[in-house]
Amino acid sequence: MQDANKGSAAALDGKGLRIGIVQARFNEDITDALAKACLGELEQLGVVADDIDRMSVPGALEVPIALQAMAERKRYHALIALGCIIRGETYHFELVANESGAGVSRVALDHRIPVANAILTTENLDQALARQTDKGRDAARVAVEMARLLGSATRP
Numbered sequence: 001m002q003d004a005n006k007g008s009a010a011a012l013d014g015k016g017l018r019i020g021i022v023q024a025r026f027n028e029d030i031t032d033a034l035a036k037a038c039l040g041e042l043e044q045l046g047v048v049a050d051d052i053d054r055m056s057v058p059g060a061l062e063v064p065i066a067l068q069a070m071a072e073r074k075r076y077h078a079l080i081a082l083g084c085i086i087r088g089e090t091y092h093f094e095l096v097a098n099e100s101g102a103g104v105s106r107v108a109l110d111h112r113i114p115v116a117n118a119i120l121t122t123e124n125l126d127q128a129l130a131r132q133t134d135k136g137r138d139a140a141r142v143a144v145e146m147a148r149l150l151g152s153a154t155r156p
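Under the numbering used here, the very last position in the sequence shown is 156; numbers go up by exactly one each time.
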């Protein structure tokens, strides 16, 4: 995996934030690793386990509607989408990748809530394995940073 320059952010503080996570079960070994890394990073950032709600859905296409249901509750400062789409032999990869990504963005914009998108879209399993930990941690950091940046810490 090519190293990315992610820039630097001020010290992140997740204390007092409520976070909702939607995890797709398709490619579950990968999404479980994403979730483990994400939860570990949220804890490191000060988010209390009792302030994290998780929802499991069949696949990436179901993630946006579950995020929407969470956003409508107005209980969360930020949401996180976890999933893994690996290219196969048909056009289905593009359909699922494009539609799930657009749906995640739509929830964020329609509900004015930060949504960290960690739905991996990879060419093969090796690429997914190489990204599962970093992207899980990144999602946690994005959620906390954007919740603070947008002032949604006053949301619930």
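The set of hints was computed from the structure by calculation and includes no laboratory data.
Be aware that a few hints might be false.
[Said to hold, decoys possible] Derived DEER-like restraints, expressed as beta-carbon distance ranges: (1) 149 / 91: 18 to 28 Å; (2) 90 / 112: 11 to 21 Å; (3) 28 / 106: 39 to 49 Å; (4) 44 / 91: 18 to 28 Å.
[Stated by the list, open to error] When the alpha-carbon atoms are kept at most 30 Å apart in a straight line, the in silico BS3-like pairs for lysine-lysine are as follows: (5) 36 / 15; (6) 74 / 36; (7) 74 / 15.
Please read all numbers here as calculations on a predicted model, not as lab measurements.
Ideal Cβ positions, reconstructed from N, Cα and C, are used throughout, including at glycine.
Each hint tested on the structure:
Between residue 149 and residue 91, the C-beta spacing of about 37 Å breaks the proposed range 18 to 28 Å. Roughly 36 Å separates the CB atoms of residue 90 and residue 112, a value that falls outside the hinted 11 to 21 Å. Restraint check, residue 28 to residue 106: a C-beta distance of roughly 25 Å breaks the suggested window 39 to 49 Å. About 40 Å separates the C-beta atoms of residue 44 and residue 91, a value inconsistent with the hinted range of 18 to 28 Å.
The straight-line distance between the Cα atoms of residue 36 and residue 15 is roughly 19 Å, inside the 30 Å bound, and the hint therefore holds. For the proposed pair residue 74 and residue 36, the alpha carbon gap of about 25 Å is at most 30 Å, so the pair holds. As the CA atoms of residue 74 and residue 15 are separated by approximately 18 Å, the hinted pair is consistent with the 30 Å bound.
When each numbered hint is compared with the structure, violations occur for hints 1, 2, 3 and 4.
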